[in-house]
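S.K.: Chains as they are written, first to last, in my numbering: chain A, 1 to 338; chain B, 1 to 297.
It cannot be assumed that every hint is accurate.
[Said to hold, decoys possible] Some but not every residue of chain A turned toward chain B, in silico, with C-beta under 10 Å:
1. M101
2. G158
3. L256
4. V259
5. I262
[Stated by the list, open to error] Derived lysine to any residue pairs resembling SDA-like cross-links, with alpha carbons at most 20 Å apart:
6. K150(A) - Y21(B)
7. K186(B) - I77(A)
8. K26(A) - S44(A)
9. K132(A) - M101(A)
10. K26(A) - L108(A)
11. K186(B) - A185(A)
[Claimed, not checked] According to the in silico footprint, chain B covers these stretches of chain A (three or more CB under 8 Å from chain B):
12. 30-38
13. 87-93
14. 103-117
FYI, nobody ran anything at the bench for these hints, they're computed from the structure. Glycine included, each C-beta is placed from N, C-alpha and C at the ideal position.
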Amino acid sequence: MQEALLEVKNLVTSFRTADGTLQAVKDVSFEVKKGETLCIVGESGCGKSITSLSVIGLLPQNGSIESGEVLLEGKPIQDLSHEEMRRLRGNRISMIFQEPMTALNPVLTIGYQLREPLLLHRNVSKKEATVKAIELLKQVGIPYPEKRLKQYPHELSGGMRQRVMIAIALACHPGLLIADEPTTALDVTIQAQILDLINDLKEELGMGVLMITHDMGVVAEVADRVMVMYAGKKVEEGTVEEVFGNPKHPYTKGLLNSVPNIDDPEFELEAIPGSMPGLNEEISGCRFHPRCQFAMDKCKVLDPPEFIDRNGHTAKCWLHEDEEVKADESNGTVTATV
Amino acid sequence: MTTTVQPVPHQENRKKREKYYVTTLKRLFSNKLAIAGLVIVVLQVLMAIFAPLITPYDPVAQNLMKSELPVFSEGHWLGTDNYGRDVWSRIVYGARISLVVGVVAVSLGLIGGVTLGLLGGYYRKLDSPIMRIVDLLFSFPGILLAMLIIAILGTSLINVAIAISIWSIPTCARIVRGSVLSVKEKEYIMAMRSMGASDLRIMVKHILPNITAPIIVFATMRMATAILSTAALSFLGLGAQPPTPEWGAMISQGQDFMWSAPHLTIVPGIAIMLTVFAFNVLGDGLRDALDPNMNID
Chain A
1 MQEALLEVKN LVTSFRTADG TLQAVKDVSF EVKKGETLCI VGESGCGKSI TSLSVIGLLP
61 QNGSIESGEV LLEGKPIQDL SHEEMRRLRG NRISMIFQEP MTALNPVLTI GYQLREPLLL
121 HRNVSKKEAT VKAIELLKQV GIPYPEKRLK QYPHELSGGM RQRVMIAIAL ACHPGLLIAD
181 EPTTALDVTI QAQILDLIND LKEELGMGVL MITHDMGVVA EVADRVMVMY AGKKVEEGTV
241 EEVFGNPKHP YTKGLLNSVP NIDDPEFELE AIPGSMPGLN EEISGCRFHP RCQFAMDKCK
301 VLDPPEFIDR NGHTAKCWLH EDEEVKADES NGTVTATV
Chain B
1 MTTTVQPVPH QENRKKREKY YVTTLKRLFS NKLAIAGLVI VVLQVLMAIF APLITPYDPV
61 AQNLMKSELP VFSEGHWLGT DNYGRDVWSR IVYGARISLV VGVVAVSLGL IGGVTLGLLG
121 GYYRKLDSPI MRIVDLLFSF PGILLAMLII AILGTSLINV AIAISIWSIP TCARIVRGSV
181 LSVKEKEYIM AMRSMGASDL RIMVKHILPN ITAPIIVFAT MRMATAILST AALSFLGLGA
241 QPPTPEWGAM ISQGQDFMWS APHLTIVPGI AIMLTVFAFN VLGDGLRDAL DPNMNID
């Protein structure tokens, strides 16, 4: 069993708004192990980005962690001071963003921006930082690194810029890399390159990666484990093989059916009817039941807990109540009532 | 990892960057008024620097034998004033005073305004208090505020510069705050925060370089206002004191001889007008040339 790098326990993140306090993340728990990629999947507005921002402590000013714990290598970090958190960021947790076009400062050279994390967290001179910056650019596969250092972001292509972003994020060898839709803004061919790069670097540096995406293709490519979120809650979690091969929650099934399959000429795209509820919408029972084709009477009244089956595949759905393995049983001999 | 071999892009990119500056300058120079402004400003700066070399007389040396000579007199092409002082020499030295006071006032105003603007724009909590103080400063008519400050500090050119700088702070703070508000929401600022950069570092090293264009334009336009205000305050007797060759003071002294020697008011008046005009059109030209909407690629 690998060591848990990041553990998030019962995270609740809320926002103060004109309509009162809204919970964007409701009681979400997960963990990322060293050398593992966890993908958080879900529609826009399901709280996946807010989950990642809660971890790195960069929530918007009106947002805060209401309850729950965030543990990095076993130590709680959710209550660290501004200054302590600042020293963690870029050093032990790094983040790469969706838009490489806007995530680099247009008026500063690539070299300047690459040196920043090194000057911030490592006690190095500007010269040493420059040498390290050239190494980093080589590591992310950028040709002519010495020349790139003097260039400005607008002189590089989108793929190049995302490589630079990755180089900046990895400058201090963080244990955890958070990637918030890192390939959404890129061409498909470049997407594959960037995902390969993140994968290679993950293996090389033994990082844990928390990848946020809405693209099932990306998940299949890079994930070790998948967590599906819906309306602020985790609805399903399991290894990528389990979730893709045996999706349990009707929402996950819907997501998988809405990805085009070019190998199967008979395949028809299926949209999930309706749209995700707003944060302030009161829904009794399971939050997915108004859109769920398998909804039972029970679903309308009672919010399902997480049912964990023998493979550690969890689903928050009454359909899978009978597959649950009791925690004490799963430690010893498995006697599931399937 | 792929390391594909590509043609060396360096040369091409340097050209592109040079092209950026060239286009900015081209834009500036395509504006004929801006060129006129730039020429006048440059001439004035040269005049101020080489004042002792291009003036035949000491600007404060009196020669009562030759008082109130009209323009184009022999040896005094702009005539002399009631004490026989050479008007050309006084105008040239006056350029020195105007520029120095203008630069000092604008610099001090920028230091205050940029600091307040950065703090107000970056920290939401400081925004309200800072902007209310700025509003308070705005509620005074500028020249009255300057007069009030000089009344407190006493009359001298240094105090004029301080007064004008304080009066420049609110406008500058507002411009900077507005720009900071838009820049700080950019993803690259978020990215820097995710790298663990401190607030001060983000403000000074990452936001400030992005808002230089509006600051440059503000400073240029403000030079015009500062020079005009210096002249106005000196005219009212609150700035430069005789015999300092300040343009506003020259007009003030010359107004008693309006009928016998009109050039004593007209010549410094033209000097003030040309300078203010030059800085204003240059500022306008710079604003158009540095338009943030223009396409860099």
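S.K.: Hint by hint, say whether it matches the structure.
M.R.: Outcome of the hint check:
A least Cβ separation of about 9 Å between M101(A) and chain B falls short of the 10 Å threshold, and the interface hint therefore holds. The restraint placing G158(A) at the interface with chain B is violated, with a minimum CB-CB distance near 12 Å, outside the 10 Å limit. The interface hint given for L256(A) is broken, as the beta carbon of that residue sits about 30 Å from the closest beta carbon of chain B, more than 10 Å. Taking 10 Å as the C-beta cut-off, the interface hint given for V259(A) is violated, the closest approach to chain B being about 27 Å.
About 25 Å separates the beta-carbon of I262(A) from the nearest beta-carbon of chain B, more than 10 Å, and the hint is not met. For the hint pairing K150(A) with Y21(B), the CA-to-CA distance comes to about 16 Å; that is within 20 Å, so the pair holds. A distance of roughly 26 Å separates the Cα atoms of K186(B) and I77(A); the hinted pair therefore is violated under the 20 Å criterion. Only pairs whose Cα atoms come within 20 Å are accepted, and K26(A) paired with S44(A) is accepted, the gap being roughly 16 Å.
For the given pair, K132(A) sits about 24 Å from M101(A) by alpha-carbon distance, which is inconsistent with the 20 Å threshold. Restraint check for K26(A) and L108(A): not satisfied, since their Cα atoms lie roughly 39 Å apart, outside the 20 Å limit. Distance check on the hinted pair: K186(B) and A185(A) sit about 16 Å apart at the alpha-carbon level, within 20 Å; holds. Only when three residues or more bring their CB closer than 8 Å to a CB of chain B does the claim for the region 30-38 of chain A stand; here the count is 0, and the claim is violated.
Evaluation of the coverage hint for the region 87-93 of chain A: fulfilled, as 5 residues show C-beta separations to chain B shorter than 8 Å, against a requirement of three. Only when three residues or more bring their CB closer than 8 Å to a CB of chain B does the claim for the region 103-117 of chain A stand; here the count is 8, and the claim holds.
Hint check: violations occur at hints 2, 3, 4, 5, 7, 9, 10 and 12; the rest are consistent with the structure.
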